[in-house]
Structure formats: C-alpha cells, structure tokens
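Participant: Now for the letters of each chain:
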Amino acid sequence: GAGVSQSPSNKVTEKGKDVELRCDPISGHTALYWYRQRLGQGLEFLIYFQGNSAPDKSGLPSDRFSAERTGESVSTLTIQRTQQEDSAVYLCASSLRLAAVSYEQYFGPGTRLTVT
Amino acid sequence: RKEVEQDPGPFNVPEGATVAFNCTYSNSASQSFFWYRQDCRKEPKLLMSVYSSGNEDGRFTAQLNRASQYISLLIRDSKLSDSATYLCVVEAAGNKLTFGGGTRVLVKP
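Protein chains in written order, with the working numbering: chain A, 8 to 123; chain B, 1133 to 1241.
Bound conformation, chain A alone (with noise of 0.2 Å):
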C-alpha cells in the first residue's frame, strides 16, 4: 500500500523567503509527526498531531515555524522569513496511537530545503 509522501523532495529558496512543506500520511494513522535533520546530526523532534489537534509544539524551534493538518489527513509545515540554519531534511512521519501505546513510527522520504 502506499506510505507516507512528501512534497517537494527537494526545495530550494533564497533567505527571507517562505516555504510550505507538505506530508501526506499512510490512510488511517491518527498521529503525525515532523521532524528536522542537519546534515550528519540526529532527528529533533519538531511537532506531533494527534489528528487535527497538536498537544506537543514544544519542539519547533522559533514563531517563524507553524503547522496545521486537516482532520486525519494533510500536514503541511511552513516557515516564514528562511534563514541559513533552517537548511536540513524535514522528515515527516505517521503512526497509529491508542491511548498511550506508541506504534511504530512511518516515516516519508523528507523535503531537502536549502536555504541560500
């Protein structure tokens, strides 16, 4: 079946700019996560949809970052103004979740954005 997508694969914009990275999640999977990878650095943890709802924004790193997903669907995660250091692989992932049992986590392919 399918997985998870993302879109674009790969963006690249000039700073200052705005960007919108899109995470379609696996059918029937009611979280959704996002997370950011610098280059030869581990995942941190950005936010996490339970639904539409986001009880955990704890991760995104400034107010020029915001995310929304619509009912159990879309995510898209966008930032404002780029800068230099927002430059990574913006990996998206998607789970089933039940209660407090954590399932395994689907991840997308990730956006590569550079900033220039």
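Honestly, the hints are just simulated from the structure, not real lab data. Only a predicted model underlies this, so the values are computations on that prediction, with no experimental measurement involved. Don't be surprised by glycine CBs; every beta carbon is placed ideally from N, CA and C. Take the hints with a grain of salt, since some may be wrong.
Some chain A residues flagged as far from chain B (calculated, every beta-carbon gap over 12 Å) [claimed, not checked]:
(1) G10
(2) S14
(3) P15
(4) T20
(5) E21
(6) Q44
(7) S65
(8) T77
(9) V81
(10) Q90
(11) Q91
(12) Q112
Label-pair restraints from in silico Cβ distances [unchecked claim]:
(13) N1144/B with R29/A: 37 to 43 Å
(14) G58/A with G1148/B: 45 to 51 Å
(15) R1198/B with L103/A: 43 to 49 Å
(16) S73/A with S1158/B: 27 to 33 Å
(17) E1188/B with G23/A: 51 to 57 Å
Dock chain B against the given chain A, drawing on the hints supplied.
Facilitator: Using the frame of chain A, we list chain B on its own:
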C-alpha cells in the same frame, strides 16, 4: 545533559563479528523504547521495539536497563548490509518521542 545520548561511532566491525552499543536516557519516566535504523540519505525505519524483559529478533538483541537508564543493541554475525546508523528512540509521558543522535556502524569484509 542530552535527553538521549548515543556514542556516534563509527564502530568498525569485521564481517561475522558481534557488535554492541548502548543508549542512555535522562528521563526516568520514559515509557517506551525503540531502535530505528537509518541508511545514508534515507528515512529511518523501525528495527525493533525494546521490552523490559529484553527481546531478540534474529541476529539482533535489544535490552532495557531501567535502573541504569540505558538500552542496548547487540548485532551478532554482522553482515555488510548491517552498515547503517542506529537511532535510539525514547518515549516519555505525553507521547513525546526523543531520538538519539545515532550510532554509526560500518561492517567491513
């Protein structure tokens, strides 16, 4: 202190040998633990969950030590295809997942 810490490696392992490495976590309230594998320039994929009693999946064995707050991964009879970065993932209360920086393993002929 980082919430989840891993030795970045690389661990250079001869093919067929055994390699083991740990991951320490700082939050004693952590509830769930996982090992993910990430190949170069690819997305992470779940390798195995880590249960309190320890668990094994083929050549891979994972263990949890709550008293000392670490989990471990052991790979027996290493294959060239085991070369990857192994990410430790810890879930605390509130369903917040924290990834370690990863341990790089290089299996050589």
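Participant: Confirm or reject each hint.
Facilitator: Comparing the hints with the structure gives:
Non-interface status of G10/A relative to chain B is broken: a Cβ of that chain comes within 12 Å, the nearest being about 9 Å off. Taking the minimum C-beta to C-beta distance to chain B, about 14 Å, the non-interface status of S14/A holds against the 12 Å cut. Chain B leaves P15/A outside its interface by the beta-carbon criterion, the shortest separation being 15 Å against a cut-off of 12 Å. Remark: the non-interface label on T20/A is consistent with the geometry, its nearest Cβ contact in chain B lying 20 Å away (cut-off 12 Å).
Taking the minimum C-beta to C-beta distance to chain B, about 24 Å, the non-interface status of E21/A holds against the 12 Å cut. Q44/A, annotated as away from the interface, has a beta carbon of chain B within 12 Å; the closest lies near 9 Å. A beta-carbon of chain B comes within 12 Å of the beta-carbon of S65/A; the shortest separation is about 8 Å. Every CB of chain B lies more than 12 Å from the CB of T77/A, the least distance being 21 Å, so the non-interface label holds.
No Cβ of chain B approaches the Cβ of V81/A within 12 Å, the least distance being about 18 Å, so the stated non-interface status holds. Chain B leaves Q90/A outside its interface by the beta-carbon criterion, the shortest separation being 23 Å against a cut-off of 12 Å. Annotated as non-interface, Q91/A keeps its C-beta farther than 12 Å from every C-beta of chain B; the closest such distance is 21 Å. At the 12 Å boundary, the C-beta of Q112/A falls inside the reach of chain B, the nearest C-beta of that chain being 7 Å off.
Evaluation of the 37 to 43 Å hint for N1144/B and R29/A yields a pass: the beta carbon distance comes to about 40 Å. Hint check: G58/A to G1148/B, Cβ distance near 48 Å, so the stated range 45 to 51 Å holds. A C-beta distance of roughly 26 Å is found between R1198/B and L103/A, which places it outside the suggested range of 43 to 49 Å. The hinted range of 27 to 33 Å is satisfied by S73/A and S1158/B, whose Cβ atoms lie roughly 29 Å apart.
In this structure the supplied range 51 to 57 Å holds for E1188/B paired with G23/A, their Cβ-Cβ distance being about 52 Å.
Checked against the numbered hints listed earlier, the structure breaks hints 1, 6, 7, 12 and 15; every other hint is satisfied.
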